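Protein chains in written order, with numbering that gives the first Met the number 0: chain A, 0 to 481; chain B, 0 to 240.
Among these hints, one or two may not hold up.
Unchecked claim - Covered stretches of chain B (in silico footprint by chain A; criterion: 3 or more residues with CB under 8 Å from a CB of chain A, positions within the stretch not fixed):
id : stretch
1  : 1-12
2  : 23-32
3  : 50-64
4  : 98-104
5  : 210-219
Claimed, not checked - Stretches of chain A that chain B covers, calculated by requiring three or more beta carbons in the stretch to come under 8 Å of a beta carbon on chain B:
id : stretch
6  : 73-85
7  : 147-160
8  : 175-187
9  : 295-307
10 : 373-387
The hints are simulated quantities; they were obtained by calculation from the structure and are not laboratory data.
Quick caveat: nothing in here was measured; it's all calculated off a predicted structure.
Heads up, the beta-carbon is just placed ideally off N, CA and C, and yes, glycines get one too.
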Amino acid sequence: MLKTDLSFTPALEPVQPVTLDSFLNRTRELATHGFQPLALFGTDEKLIYALLGKPHELELFCTPFPQNLHYPSLSREFPSFQIFERELYEEYGIIPTNHPWLKSVRHPLQGPVKIEDYVFLKSDSKLIHEVGVGPVHAGVIEPGHFRFLMRGEIVEHLEIQLGYQHRDLINMLCEGPLAGKMPLVETIAGDTVIGHGTAFCRLVESLSESSPQANDIRALLLEMERVAMHLSTLSALAGDVAYIMGQNLFAALRTTVINSTLSICGSRFGKRALCVGGVNYPLNKTLIDTLKTKMQKCAVQIQSTSEAMFASSSLLSRFDDTGKISSADALRFGFTGISAKASGIAVDARADFPIWQYPDFAVQTEATGDVYARAKLRYMEIMQSLQMIQELLDQIDPSAPIQAPVKELIPDKIAVSIVEGARGRIVHIAKSKDEHSALWYRVIDPSLVNWQALSMAVAGEQISDFPLCNKSFDLSYCGSDL
Amino acid sequence: MLHLLKARLRHGYQAIPDPLTVGIDPAFPGLPELAIDADLELLSELCPTKAFTAQGLDLGRCVFCGLCSRKHPEMITFTPNYKMAADSREKLILAPGQIALPKMDFVLPRKFRYSFALRSVSAAGCNACEMELGASNNVNFDISRYGVETVASPRHADALILTGPISRNMADALNETWQAIPEPKYLILCGACAISGGLFGESEAIDRAFLKHWEACLYIPGCPAHPLSIVSAMVSIMRGS
């Protein structure tokens, strides 16, 4: 039975606001000592909160909105703050002076610029032409706009403009009883149902000081989601370089994995599976045995398909050295998940902020930071997760209870919940208003910080490598746009 | 090369021989059955999208979360029947005691019988419907065997298949894509969000005016719609059911 470690979904007393100066000084101090911003946001209480973390340490503090709605930007010194400062400006009009590029994030209703009126970065050089892609893309994917400034076939600059997926989701989380918001949470990113779902459940459980059941089933579903998403990316990467066999085999293997998730909860994406207090569907002995056999067979097939794929010289010539992110940049910009780990930065919430004990878990990394590294690392993580899946299936007790009673929230509490999803670190943070609902709720999908990596990776590359680079990061549009 | 052959051989044959009749895992929540004496008001209180009305259960709103069937299995159960598409919004309302959706009357003109090109537009979809639409054309489901393909340019499309509740920020792009499709053209709504707005029907960031002007010829329920639901629905409007 997995034990939960409540210390990393901490329920905190409301923090006392400090002055703007001490807020900024503390932020700078922590950022110079290896802390990364996990969240920085404004709330309707007219407070700015900052949540910074490094392995096994979290710090939360807040300050009232500055009098003149201006404060000195942190982003030039610590680029990892750039997206959060832009978000704060867009939502509450608070201007970080000297921010390198205070462009819009998602064009919410109250935002200063409508999406139709947004002006893209232009160049007045006669050598530069523009290429615009999206929001409707060539394939069956989510909308976003990519504006390239091109010198011949070489990308000089890529501007990514998102917001097309904005549904006002986080405000909807605050309407009515929080514990009943599971179906909504499942749509934060429909491909990360278990990642965001686990973060949400742990957060509500923390706000209500309840201890959930069936942690091992949750952990199992989370690893299955990771395997499925990485397989989907490997399939698309193979497809992008016309390695058709890899594309088809990985897609079929993903079918096996998500059909197994369906056999647990009825949904190929793990919708319906989780609930506050535990899970909705038990695993019986027959199902456990079937899953073990299926996942074992999958592991063998994934291994042989990957070995064949990574031995293909035509594929390697496209993957190698393409779309590089240096480890210094990955660290400075606070990238997370594969985008950081493939550049040698060992960040993984399963090790840094574990909500469950992961015996013998070691974060895997690759050094080169290119498309190859991100693809290879996905394969390595799949094999590691399949191993964890076997261990979890051995542990699960079919007769154990799967749900604990849901208690009322404790009013005026703040809780933080961090989960390593397939794309990286998912952060949920909320404050309870009364026994049922949240005063505010913030979701930080790993893609929100990682989109910057794509823009940096394609600079200097041929535009024909853009789809490949894009897929190698596999970022979520709706997770960022909310 | 040997690696490649080994991997391919180990993989076996993955295509579903007949996606129109194949069975599905009984855990799959497909077409529901509402007991004749089901208390619709009580069920409506549980439902996150208020899919229960005085007439029955609106499959266009249902997100198949199972809250109702877990709490009141005596009133509602979900069968694994994945064929639950309709050619009109009204036909998606399942009355108590009803065990199948009404037959579809709509059939595409004969020239589309073996060739039908789709332009997909995701307008604030959560990527679940989008991935299922993509999966409909993978080696397992292989919708292209029926002549259905997804195309990049709206100029090459016969129909627009919409996923997502239509965010205000996507409203223009959706309209422009639709305008760029040459006549005759058809509109298909895939998933609860596209059909009814789903969980986002009340959100101020959603703008569904597009659907006031244009009527869909096919509605495929689900959250997300399962590839088997998508394949069988497409084939039924191409060939007649």
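Hints versus structure:
1. 1-12: Coverage by chain A holds here, the residue count being 7 at a Cβ distance below 8 Å.
2. 23-32: Contact hint for the stretch 23-32 of chain B vs chain A: holds, 4 residues under 8 Å.
3. 50-64: n = 3 at 8 Å, threshold three: holds.
4. 98-104: violated (count 0)
5. 210-219: violated (count 0)
6. 73-85: It is violated: at least three residues are needed, and the stretch 73-85 of chain A offers just 0 whose Cβ sits closer than 8 Å to chain B.
7. 147-160: violated (count 0)
8. 175-187: holds (count 7)
9. 295-307: Our answer is that it holds, as 6 residues pass the Cβ test (under 8 Å) against chain B, meeting three.
10. 373-387: violated (count 0)
Hint violations for this structure: numbers 4, 5, 6, 7, 10, all remaining hints satisfied.
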